[in-house]
Amino acid sequence: MSFSSLLLILAATPAAPPEDLGATWGTLLKERQHYKVVDIPMPPGEVVEAGAFCVMPDGRVAVGTRRGDIFFIDGIDDERPEPTYHRFATGLDEIFGLHISGGALHVTQSCELTRVSDSDGDGRADRYDVISDAWGYQHYHEYAFGSDFDPEGNQFVALGLSASYHSRALYRGWVMKVTPEGESIPWASGARSPGGIGFDEHGALFMIESQGPWNSSCSLKAVSKGAFLGHPISFNWYPFADIGDAPNVPESGTRILTERERVPELVPYAVVFPYVRMGRSITGFRVERTGGAFGPFAGQLFLGDFSLSVVMRATTEEVNGVWQGACYPFREGLATGILNVQFTPEGNLLTGGTNRGWPVRGTAPFALQRIDFTGVTPFEIERVTITPDGFRVRFTQPVDRESAGKIESYTLGTFTHIYHGAYGGPEVDQTKPEVTGVTVSEDGREAVISLKEFTRGHVYEFDLAPIRSADGGELVHRHAYYTVNEIPGR
Amino acid sequence: MRGLGILLLLLPAIAESQERSPVIPGLEGNHGLDSYGQGWVLLEELRCAACHEGVKLMPYGPGKLAAPPGPDLTGLNGRMHRGYLTAFLLDPHGVQPGTRMPHLLEGPHAQQDASDLAIYLELTSGGTPGKTESDPELAASGERLFHEVGCVACHDPQVPAFDGGAVPKLDGSVSLAHVPAKYPLDGLAEFLFAPHVARPAGRMPDFGLNRSEASALAHYLLRDARAPFSSNWGIYPTEQVERGRKRFQELGCAACHANAEHIPPPPKRDASGWNGKGDLHEQGCLSPDAKGVPRFALSEAQRLMIGAAQNRSPGEVDPTAMAKAEVQATLVKLNCIACHTRDDFGGPGAERDPYFHTNQHDLGDHARMPPTMTLAGAKLQPEWLAQVLYDGRSVRNYMHTRMPRFGEENVQRLPTLFAMLDEVEAYPFKEPSQGDEDRAWRDGGRDLMGTTGLACVSCHDFNGKPSLTFRGVDLITTPERIQFDWFARFLIDPEAYRPGIVMPQSWPGGVAAHDGILEGHTETQIQALCRSAPDPKGLAREHNNLDVTDRVLTYRGRSRVAGFRGIAVGYPGGLNYAFDANHGTLAALWKGDFVSVNWQGQGAGDFNPRGRAIQLHRDVAFWRLPDDETPWPAMPVKTEEAPVDPDPTYGRRHGYRFLGYHLDGDDVPTLRYRSGDVLIEDRLEDFFTGSRESRGVPFMRRLTLTTESADRLHFRLFAGDSKRVDEKTIEGGGLRITLPDVPVLERPSEGGTEWILTFDLEPGTTEIVIGYELL
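Residue numbers (our numbering), protein chains in the order written: chain L, -6 to 483; chain Y, 82 to 856.
Hints in this document: simulated from the structure, not taken from any laboratory.
For glycine and all other residues, C-beta sits at the position ideal for the given N, C-alpha and C.
Among the clues, some could well be false.
[Claimed, not checked] Cut-off 35 angstroms, straight-line C-alpha distance, at most; resulting in silico cross-link-like pairs (DSBU-like, lysine-lysine):
1. K618(Y) <-> K218(L)
2. K250(Y) <-> K405(Y)
3. K511(Y) <-> K546(Y)
4. K399(L) <-> K445(L)
5. K349(Y) <-> K327(Y)
6. K349(Y) <-> K372(Y)
7. K425(L) <-> K23(L)
8. K372(Y) <-> K405(Y)
9. K511(Y) <-> K672(Y)
10. K23(L) <-> K511(Y)
11. K618(Y) <-> K672(Y)
12. K399(L) <-> K23(L)
13. K399(L) <-> K29(L)
14. K618(Y) <-> K546(Y)
15. K405(Y) <-> K29(L)
16. K804(Y) <-> K23(L)
17. K29(L) <-> K546(Y)
18. K672(Y) <-> K804(Y)
19. K618(Y) <-> K23(L)
20. K511(Y) <-> K618(Y)
21. K511(Y) <-> K425(L)
[As the list claims (entries may be wrong)] Chain L regions said to be covered by chain Y (calculated; three or more residues, Cβ under 8 angstroms):
22. 214 to 228
23. 332 to 342
24. 353 to 359
25. 413 to 421
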């Protein structure tokens, strides 16, 4: 038998169900050639379970924690870090959002969005001003995640359901828009258990969702005004929100594609992350804007996973007015469950989290770790985008034209999920799309493949293992997963 | 020349050294190699293949013998004084006893050559020489590092291992006597921080020192340097530079040294003619009287072993034997055996043994000695093994010696070889079925690890939670690190796999010693321990208390006394209160210790008063009472049967908005909220600081109400079993409350009396003071 099947990871709570977290990608030793993991030491005796990060104007990195502290960390980018931690604020309630504006930190904590500032300049916060507390908070599982600012200075707060199944307190399962003036506007319903919220490279707002009822796996969801994000339990708050009537209740046991016809507000999940293969509990994300310091993935989303202690990538594009895109494995082998990530001033990716409460892979109860680009560009699927006939697959390095020019090098499969109220769900309706043609671009960086036909509403799973780089290298990760909600017109 | 004269004056230890032959530390230990094996190691370590084609490979696999790269000369100027370099080039074995650098300069021009080469290298190599003065305080810190992290595995200790002990002088140590004359401080610190930049062969391993540690160690190693000793003048006569460059090329220095000018290595000389020469050890570089060739100052034994190895025909060697030989030679070359045993070789000698330290002495030698490499390929998960070798990953926090890094390219064959060589008999695991058996195993694993089972947590931490006694390896790291076949075999017979380990045998002869868990079935128990498990019994309890010291502490979290938007405030004098920010109500008061906070499980941070809390009603406190008969609006109540909030805008409907709080210089919070258009600033002060005794001392609650227009606001002060004591005082629920001078409505309410104050507010600010004495 395979003993990897016995790698059942130790859980921290008796309440957690026994479960196998699943196999690793098995790519750690290849990944580390390109992206190395550096431990960020913590002060002895201090518990820093990071939930949110923010780069301060002076280059320090602020970290907000589960235990309600905000530390300013200096020296986080040092090759072998010897950071100093300055406790700026304390006594807050589980921080999942940290953003700076006008010299103050906007802190999303379970109870409220709070402006935390230091009015007397002594380096310690002394003002905690409520920006918004326009939501109910009546269960420990009702976490709140705050976004960065949009161009108008608004923030968005994603509110998890009550006990992860219900909506028993006001706007649980909703996304709220909070204006700079503190007005709180119910914005979208149907969230289940968000793990983070923010903007993509195009400035579009997305929320990361966890697997559960009405969500057979984790997904990135596009958030827009009036959107229904898939889980109908929070419809009970429409009477309180000035946003029209509640949508039709979707029918359980169907497909999102079909329910979109019946429920116009239903926004199909933009990027579906195949469960276990691509995370089990995806959390905070950031856009890569390091100007090349972090390697070849400019503009992409980097997302942590709490259960598997990995970081993944995602790309998004808008087709026929609907967001969709792809996700890709990136780096595994982190020490603890990742709750959030942040690009540092020098363009490294800071990760942090804890293993509290659920089964989590890893060796540490909590950790801060940095992922550094070694300067050695990995041979990877950089980005998959859709065309009217198939897909454009961009690579990080020129490909070997022979292997990339063969149709057989592109193994594709598709599936969709049952859209239902049960917890999670299997992959169903599998197909094997026929690749009818492939063209490699002149510079060798792109392959355009055409398909015999598309199946809307399916996740397209790419396995490009046979493709080599021009210098003969194998792909670090052979897989990518593209969610086809819409097919572009010619 | 002047530089050399000064150098020799400064370095009597160097001048007097008798030990001139090359030192390969691994060959001085318990390496287990026969003379042929030693000869092969010497052939490689002395980089014979850098100059010679056809040097015979060790008996492991086809291909050419690799010559590990010599020091990279790029940046040399920053890490070496020119005077030292000149002297070293003239007499490498005298200046740096044991060096692998051959003596190349001889004849009447030797001094000029050395000077030319040094000037050339100084000009072209880059780097800036720095200061040399050592700071005693940093040096003291460096001394501790030097003797703890593992430097003494290859270098001589400088202080006794214990009080009253002697400082051993050991055979095979790599001498450091030359270091004070060679390095500027910054250059040495940089070298120690990243040794493989200058020395990519990895024989000087990288201990993962951070900048502070590398600097401290440099200060220690240069504690006796008589600075300044820099002859790097910055004057580079063109003629000399050109001569130096020419000599660099003529001497073939680039055969071993990468260099800033990218001068390529010279053509190799064919060594195939060596084979079969019985007196090879008398030929060429191996000759004791060599002239016109690089001289390595080899001992006779070294010459003989090299000659014998080169001449030996390995014959047919099976792959396993080849792999075994390669592992053994690699461990010798990198001197892994200074710290580790494997099979019947390796391990530190008696003199170095006492320099291995731990902070967990009761765990025995296994807590201070690096683990054996016997069966490492069967024990460690391949990815973990690679990370240990490549990145120095370790889980033994108690062990002072660090696992260093030797450079990935220098050890990259080891994981494969270990995996090929090391195996244990597969353990008869079976797939758990979902459901009862799965859960039973999981709970069984927890029970076995706990103190009522096999008490694993008596000696092991678990998920960051400390063991109550010894602090052995944290057990949550097991699945990431350990292969379960090995783990199962180890559990059954720990002594067989880790001789001398203090871990008890819990399945003697394969029979479970603890028959009360999982029916005493050995295989099931073993399997259960290879699975996830929640926290076992017997771990130290996490410190969950928030303690107030000299400043007021404000903590937000949900609480049974203050609801989900609770705010707990503790004062140094021992008074504490909790505020329900959802409804704008003082919710609880207590004396003594502040709160405990639950950090376990999925939720975070719910607090509990550590003293007996006086619970007050949590309905909105401020409202506009239409008339004396209207009941005070009660907060919504959820029940198990009706769990949805029946009145989700209760607070807002009654005019309440929480605005936040600010802290004064003592961190006393002023809570801010609104009732309608009235701004309320709510601050509780205790006048009794500096003592935990607060009996009889009241909280003074100062309510500052600000309004732009005249307003009437009602404030429910208290509800419940209570009575008026006098005109200004009421008592109830363990509180004595001093009333402000405002109209008071006293009326019956459920369970007693409620006291409602009326604030008639003029435009501007009104201050109300109420005393709360905890009886």
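Cross-check of the supplied hints:
1. K618(Y) <-> K218(L): violated, 50 angstroms
2. K250(Y) <-> K405(Y): Distance of about 32 angstroms is within 35 angstroms: holds.
3. K511(Y) <-> K546(Y): This hinted pair holds, its Cα atoms lying about 30 angstroms apart.
4. K399(L) <-> K445(L): Measuring from Cα to Cα gives roughly 16 angstroms; hence the hint holds.
5. K349(Y) <-> K327(Y): Since the Cα atoms of K349(Y) and K327(Y) sit roughly 18 angstroms apart, the hinted pair holds (cutoff 35 angstroms).
6. K349(Y) <-> K372(Y): holds, 19 angstroms
7. K425(L) <-> K23(L): Holds. K425(L) to K23(L) sits at ~29 angstroms (cutoff 35 angstroms).
8. K372(Y) <-> K405(Y): Status violated; Cα separation ~38 angstroms.
9. K511(Y) <-> K672(Y): This hinted pair is violated, its Cα atoms lying about 57 angstroms apart.
10. K23(L) <-> K511(Y): holds, 31 angstroms
11. K618(Y) <-> K672(Y): Satisfied, since the Cα-Cα distance of roughly 32 angstroms is no more than 35 angstroms.
12. K399(L) <-> K23(L): This hinted pair holds, its Cα atoms lying about 25 angstroms apart.
13. K399(L) <-> K29(L): holds, 33 angstroms
14. K618(Y) <-> K546(Y): Satisfied, since the Cα-Cα distance of roughly 11 angstroms is no more than 35 angstroms.
15. K405(Y) <-> K29(L): holds, 31 angstroms
16. K804(Y) <-> K23(L): The given pair, whose Cα atoms are some 76 angstroms apart, is violated under the 35 angstroms limit.
17. K29(L) <-> K546(Y): holds, 28 angstroms
18. K672(Y) <-> K804(Y): Holds, at roughly 22 angstroms.
19. K618(Y) <-> K23(L): violated, 40 angstroms
20. K511(Y) <-> K618(Y): At roughly 27 angstroms apart (the allowed maximum being 35 angstroms), K618(Y) and K511(Y) satisfy the hint.
21. K511(Y) <-> K425(L): holds, 34 angstroms
22. 214 to 228: That given contact is violated, which follows from only 0 residues of the segment 214 to 228 of chain L lying within Cβ reach (below 8 angstroms) of chain Y.
23. 332 to 342: With 0 residues in contact (Cβ-Cβ under 8 angstroms with chain Y), the coverage given for the segment 332 to 342 of chain L is violated.
24. 353 to 359: Since three or more residues must qualify, the claim that chain Y covers the segment 353 to 359 of chain L holds, with 6 doing so at under 8 angstroms.
25. 413 to 421: As far as the segment 413 to 421 of chain L goes, the hint is violated, because 0 residues have Cβ atoms under 8 angstroms from chain Y.
Consistency note: the structure conflicts with the earlier hints numbered 1, 8, 9, 16, 19, 22, 23 and 25.
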